[in-house]
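Student: Protein chains in written order, with numbering that gives the first Met the number 0: chain A, 0 to 300; chain B, 0 to 465.
Because the hints were derived from the structure by calculation, they are not lab data. It cannot be assumed that every hint is accurate.
Claimed, not checked - Distance ranges between label pairs, derived from CB positions:
hint, chain 1, residue 1, chain 2, residue 2, range
1, B, D122, A, I163, 47 to 53 angstroms
2, A, F278, B, H60, 55 to 61 angstroms
3, A, L297, B, T154, 37 to 43 angstroms
4, A, L294, B, T7, 30 to 36 angstroms
5, B, K121, A, A115, 28 to 34 angstroms
Heads up, the beta-carbon is just placed ideally off N, CA and C, and yes, glycines get one too.
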Amino acid sequence: MSTISIRKYASENGALAGLVILALAIAIMQPAFLNAQNLLNVGVQAAVIAIMAFGMTFVVVAGGIDLSVGSIAALAAMVGALTAGPLGLVVGALCGLVNGALISYGKLPPFIATLAMLSVARGLTLVLSEGQPHETDALVTFLGSNLAPMVPLPLLLMLAFFGITGLVLTRTNLGRRMYAIGGNEEAAKLSGIDVRRNKLWIYALSGLFAAAAGLVLAGRLGSAGPQAAVGYELDAIAAVVIGGASLSGGVGRATGTLVGALVLAVLRNGLNLLQVPPFWQQVVIGAVIALAALLDSLRRR
Amino acid sequence: MITARGITKHFGSTKALDGVDLDINAGEVHVLLGENGAGKSTLVKILAGIHRQDAGTIEGHTSLAVIHQELALVPELSVAENLFLNRLPRRFGFVDRAEMRRRAPELLQRVGLSVDPDAKVKDLGIAQQQMIEIARALDKNAGVLILDEPTAVLTETETDRLLEIMAQLRDNGVGLVFITHHLDEIQRVADRITVLRDGKSVGVLGPNATTQHMIELMVGRPIDEQYPRAQQRLGQPLLNIQGLTRRGAFENISIEVHAGEVVGIAGLVGAGRTEVVRAAFGVDAYDHGTVEVDGKPLPRHNVQAAIDAGLGLVPEDRKGQGLVLTATVGQNLELVTLGNRDQQRLHDIAGKLRIKGRVEQPVKELSGGNQQKVVIGKWLLADPKVLILDEPTRGVDVGAKVEIYELINRMTAQGRAVLLVSSDLPEVIGMSDRVVVMAHGRVAGELPRGATQDQVMALAVQEISA
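For reference, chain B alone in the conformation it holds in the complex:
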């Protein structure tokens, strides 16, 4: 349906794409795979006509819809209004609400979404919002649908649902381009995989490609181990959370992390994991319980005291909570330790973390993985005793992921402790010495190293009797 040949694109002096070929066929899921900065998004933007290529040709005769990572919905408008945004049905020059309500349900049904068409979009979950975008794209009868990392914000169940819908669309003859960092999803839906590296297409794989093969092509070198956790002898408890409770959010949470230890917190989205670590770090208040760092009790709701005691938090939302995007790499790195005027340390940590980018460079120009390293680097400069990592590898490519894991190893080898919150099951199992599973705001159970994904999921979905 669409044939792109030799697509080349420069941004200033950097070559974002270098002679990339891509075929999008009807009734096929074509996965674009590559590390952050490999050129996937640029390619999508060229296909969508947002950017123009410097060289190469695109032939095709079909309409194309793109679901971008950032959702393009109006939060204050209703589901139906968002579905027909731009082409609202009209009667006598006014919006025809009856017609809208009549047509909305069938569209929603196509994506398996049962929500009230009159509900405001802002009241829906992020997964449901994504489905609305897809429904909107389908209504335009797009022959080709491009999905740019749609599953990054979805839970397991929601992802399953999305993959089902994608399969359905494929069977109906729609051509799909699917971008994701989750290799297991690729194995479930891909008919063809184009791997990009440094702006070049380095291989086209079939549906039976192994994870190992995909990673090697993507990274350009073999990676020995995806989760290289090196366990340490445990020391004294460094973080001790006891009976932490905030009504309506979490109840009676007790977690202990020792020197040299990585404790993971697993659970479904909404289980209260982020709420607990934010409260422990003093960002939000809590009703009962205590938090101690290295034996020293922390006052409630006081971030500065938590930092002074040796706690650090890498928040889940890198751009919204971790970085000052208007500032440079260096200005972000020094954020926690502003009292220290030494600039050399900023260069040192950037080098140590292998941050691809200069210290003077605006941080928004860096790829997701490198941005995350900046957030982590800002904490390493404060030399915390305990570092809490909330979804540290979300939207981060494989190469940078392994580097972040190595960093966790290094910290624990130096007698620090790490509390790792992650929705990525293989990761939280692979990198933790113990996994605490949360469900409905409570600790549902704890599993030793070597637990299986099934064991974690069984705890995560269990109903807890009050």
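Bound-form chain A, shown alone:
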């Protein structure tokens, strides 16, 4: 391999290299990390954030941001628990559509529109739940269970959503338009792309993915709680950014986001295994996010 192609490979897979180094470091300090059951746990722990972050990837590639995904996940799970799982998905997509409508037709900045939805969806969750957790039905519980010994369904769902995200981004018109809209909205418009209508779909997709993540989370816990998934939107954004996407839009890939979500999960798991106190874990995770973003900004120069 020539120097140029090595450099190209490294620059395109910086997050992956980081993940490998991180995993190796933890494995050296605590060999139990490599235990098959533990690795599966890491995958399951990553699943909820990853699915949410895949939806976020669409939004970020298109130059936006979605702060409401944690609340939408909670609302969808609650609706799912009180009625039926599929209805939760519908509600999530509808919340996303409202976001999209506020942004493209109401001309609100994505930050503001989704911040409002963060509050509204959380509030609705509290109203519906009357502040109490509610048990999930068999279908939703199944989402969080093992298909067979050592075959956790959340992990498979994460991989399925990963595949869907990759396909949407690289093989569909909607995906190609996301890159155009995020890269240069004006150029996209002048190329005949209906920017407003596409944004509707993009935010609806994000809502739908958030709802799916919420159902998986509720399935794992066996119940939907009014305070479920609080702050998850920040983890989702972190996963997308660690994965190399640019918050100014036009850049981002499904593999990057998957790796980003895994980095967060590996880090949490490793810090637990190493018995780092939870308060300090927050500090370390924050530092890692900053480090990842720094490295990314360095290699772009």
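We have chain A; now place chain B onto it with these hints.
Tutor: Just chain B now, kept in the frame of chain A:
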């Protein structure tokens, strides 16, 4: 004042500069001439200390100021604050506004600018902003002033004013380095011309160099004709704009373009040319009038319908409106025709347009001329009946310009129509079969092929009675 010898610079495996010599003397305008990618900007950046050369020496003992293509002003701050940015006069630790207001006018006067020092920079025109940058550079008492394509965004009058100021500075002993693609400007101010090609200095010319000579050195081969327009027999009208009006922007604009025809729109900056073509293409709305493509009326404010009917628009601002800079050449080429999954066509069009760069390459790595070919290529893939080109050769080098002209010829030879908006008078006259001149949002007149620049200007500056 500054002597550079044997400057060499690599970027990765490409040699951007290869042993270039450059002398900057006091009281002299030294023009750097070359196609995009010839190494002018790299040389300027090395002189300014932004890049470091791999080999070669720079000797000199004077301060140096660079006016870059992209302006470095803070839009939200006032003229005075921008002038003294970085060294605001202070009193008791706070900004001394009175002192600033006192000193600003004399600085502005040196560049002949009469604006309110308290006005916000964002409310000024681009030419005035440029003058503010120059005034700021002068205040630093720079011995050498480098101007990187300052006239690209200026109108004729503003350019005249700038050239006057440059002459004045020269007479005051300032050494100037001037980069421009406009050969007529060079003939007006240059004392010496260094021509760069592929990172090498290929010649140093005196002030009396002919346009022909400059172009040949720059391109490395003789160019037979600068405006090779080949006229066609006209067919049916393909684009018919009738009575198009948007209050406050343009009024009662009617333009017809036939199959095989190139119609030019000339006029001063602000005459409403871009506004008209954007409205016709459906980007912006309009109040009255109709737009028909090949006899089919277009709905108002609907770009997709315009494209479906066979209209295309290459916008004036390549980076801001034409390209997705974060994407590759191929991703930009397929932007209008995303439904078509065939990748081979992208390679074909890139080859046909002689785009220097791979389809997989990020488009931001290409030179201006090649980027413009990508924007045009994206439309050619949609095979429009009528292509509107808004300032298609702005910031494009001579070689690529001629290629774009050949492309216009090819389109009209195939029975397509072209509407060409251009502020470059020789170009709009040389490449159009008819020139519509706009002034103050109206059609001031129409001139047949072979019109002179004076005729166009006479129409462009006329006052129209309401």
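Student: Please write out, lowest number first, the hints stated earlier that are contradicted by the structure.
Tutor: none
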